[in-house]
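Chemist: Below are the chains, spelled out letter by letter.
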Amino acid sequence: MRTVVYIPLVCALALAAGVPAIVRSAPPRLGAAVLVTVALGVALAADAALVILVGARLIDAAPLASLLGWRAEASGPHPVPLPVSVAAAACAMVVLVLGLAEWRRSSAAARRLRALRGHDETGELVVVRSSALLAFALPATRTSPGRILVSDGMLRALDADERRVLLAHERSHLRHRHDRYRRLVGIAASLNPLLRPAVGAVDFLLERWADEDAAGEVGSRRLTARALTRAAVAVSPRPGRLWQPSFASERVSRRVSALLAPPSAHGRRLALLLMVSLGLIGAATAAAAAHDLAHLFDLLRGDG
Amino acid sequence: MNDRLRREAGELESEVLAALWAAARPLTPGEVREELGGSLAYTTVMTTLSRLHDKGVVDRRRSGRGYAYSPSVREADLAARQFRMLLDRGHDSDAVLQGFVSELSADEERVLRALLDDETGDGDHQG
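Protein sequences, first through last, are from chains A and B. Last residue of the first sequence: 304 in the numbering used here, with the numbers rising by one and none dropped. Last residue of the second sequence: 1127 in the numbering used here, with the numbers rising by one and none dropped.
No lab work stands behind these hints: they were computed from the structure. Be careful, since some hints might not be right.
[What the hints assert, rightly or not] Listing some non-contacts, in silico: residues in chain A with all C-beta distances to chain B over 12 Å: (1) 10; (2) 18; (3) 21; (4) 44; (5) 99; (6) 128; (7) 232; (8) 283; (9) 284; (10) 295; (11) 297.
[Claimed, not checked] Coverage of chain B stretches by chain A, computed from C-beta distances (three or more under 8 Å per stretch; other residues unrestricted): (12) 1022-1036; (13) 1050-1062.
[Stated by the list, open to error] Have a look at the derived ranges for each label pair, beta carbon to beta carbon: (14) A/104 with B/1110: 39 to 45 Å; (15) B/1005 with A/132: 33 to 39 Å; (16) A/98 with B/1005: 28 to 34 Å; (17) A/51 with B/1077: 51 to 57 Å; (18) A/161 with B/1114: 27 to 33 Å; (19) A/254 with B/1041: 39 to 45 Å.
Every residue gets a Cβ at the ideal spot worked out from N, C-alpha and C, and that includes glycine.
Please build the complete structure, drawing on both the sequences and the hints.
Modeler: Pasting the structure below:
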């Protein structure tokens, strides 16, 4: 059993630590795609590592192994220490429970979405009469195209140009299937809770991506920044309201400043370098884990 | 109609519907055209409005020699009911829905309001 099996776990921690840098400097489109891919790769590799750590111990447990007809000495000259196996087993249990919860959560939400599509023939924009200021992209399903859900209050808060920004922004979410990026990174995070920071980061990058698309479509970054600002100010709590989410709010102003100051070429190169190296490490550890996993299966079959 | 044209027609419908909702009173096709910047052909606006009317998402009534259009409250209330059901049945809708903007802290709101005042003051003449 080689120590390389521990690398994916370290890698997951490194990715979690590197997330803020990617968010800061990466072009949103590239950043979102690479972050989702690397997160999935690292999550799978780390889970494979857990399986190896637990599996090697199981093979070492002679009574069980002989009962099942496996060779007790199969794990070779570098056995996995008992505490590590126990910890790995505990982690695997936690991952399993969290993964199941996430899967049930997202499929329940998807079911509810389908129920919302009572009248599909009305067109791309669905206006919801509500004093709340809402604007959402409702992703396409197999049976119906994507929809833009906006409350009448939100439409009144914006002028004609700003409404074009809003529609272009939501359209970008739909056109580029941003819901899939979110679902995939959600799966990665439930497979490996260390990757939780990647979820918020991908959300932010997808918003930035849609902002950039909207700016391209209306032909003005300043107009796009203005629309965001106007909408954010309109939805913000009036004095006297108790709940003020400070974390989520940080993002709108970051999106506005990103629009007012386009990213530098230096930032792009830095982000590319960072992401390529993370991608290489991720790929290498995934390959190593896959190799060990294959080895483990060979041992289980008794011909290792 | 090919795919691109159909998509553009759909997008135009969204813009027109949004403009009708934003307006405080029923709008004539001419007023809709003006609200959308005046670059569209009058007949395009007319076609879009009658398509929206066929779908039942806008109402119209006689105004002079033509019609004035307003959004259908009935449709929007139906959508609101369904949407509320979606939200009421759990707080996990964020799994599939992503808002356009989130709420601001007090400090940020002050900064962004100032920015907005500047913007509105000197207009948006930069590309």
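Chemist: Please go over all the hints and tell whether each is borne out by the structure.
Modeler: Hint-by-hint comparison with the structure:
1. At the 12 Å boundary, the C-beta of residue 10 of chain A stays outside the reach of chain B, the nearest C-beta of that chain being 30 Å off.
2. The beta carbon of residue 18 of chain A sits about 24 Å from the closest Cβ of chain B, which is more than 12 Å, so the claim that it is off the interface holds.
3. At roughly 22 Å from the closest C-beta of chain B, the C-beta of residue 21 of chain A stays outside 12 Å, upholding its exclusion from the interface.
4. No beta-carbon of chain B comes within 12 Å of the beta-carbon of residue 44 of chain A; the shortest separation is about 21 Å.
5. In this structure residue 99 of chain A is separated from chain B by more than 12 Å, as the shortest Cβ-Cβ distance comes to about 14 Å.
6. Remark: the non-interface label on residue 128 of chain A conflicts with the geometry, its nearest Cβ contact in chain B lying 5 Å away (cut-off 12 Å).
7. Chain B draws residue 232 of chain A into its interface by the beta-carbon criterion, the shortest separation being 4 Å against a cut-off of 12 Å.
8. With a closest Cβ-Cβ approach of about 29 Å to chain B, residue 283 of chain A is found to remain outside the 12 Å limit, as its non-interface label requires.
9. With a least CB separation of 32 Å from chain B, residue 284 of chain A remains clear of the 12 Å interface cut-off, as annotated.
10. No beta-carbon of chain B is positioned within 12 Å of the beta-carbon of residue 295 of chain A; the least distance is around 37 Å.
11. The Cβ of residue 297 of chain A lies farther than 12 Å from every Cβ of chain B, with a closest approach of about 34 Å, so its non-interface assignment holds.
12. Restraint check on the region 1022-1036 of chain B versus chain A: 3 residues with Cβ-Cβ distances below 8 Å, three needed, restraint holds.
13. With 4 residues carrying a beta carbon less than 8 Å from a beta carbon of chain A, the region 1050-1062 of chain B meets the three-residue requirement, and the given coverage holds.
14. Taking the beta carbon of each, residue 104 of chain A and residue 1110 of chain B are about 42 Å apart, inside 39 to 45 Å as hinted.
15. A hinted range of 33 to 39 Å holds for the C-beta pair residue 1005 of chain B and residue 132 of chain A, which are about 35 Å apart.
16. Look at residue 98 of chain A against residue 1005 of chain B: about 47 Å separates their beta carbons, and that is not inside 28 to 34 Å.
17. A C-beta distance of roughly 53 Å is found between residue 51 of chain A and residue 1077 of chain B, which places it inside the suggested range of 51 to 57 Å.
18. Remark: the range hint 27 to 33 Å for residue 161 of chain A to residue 1114 of chain B is contradicted by a beta-carbon distance near 20 Å.
19. Separated by about 40 Å at the C-beta atoms, residue 254 of chain A and residue 1041 of chain B satisfy the suggested range of 39 to 45 Å.
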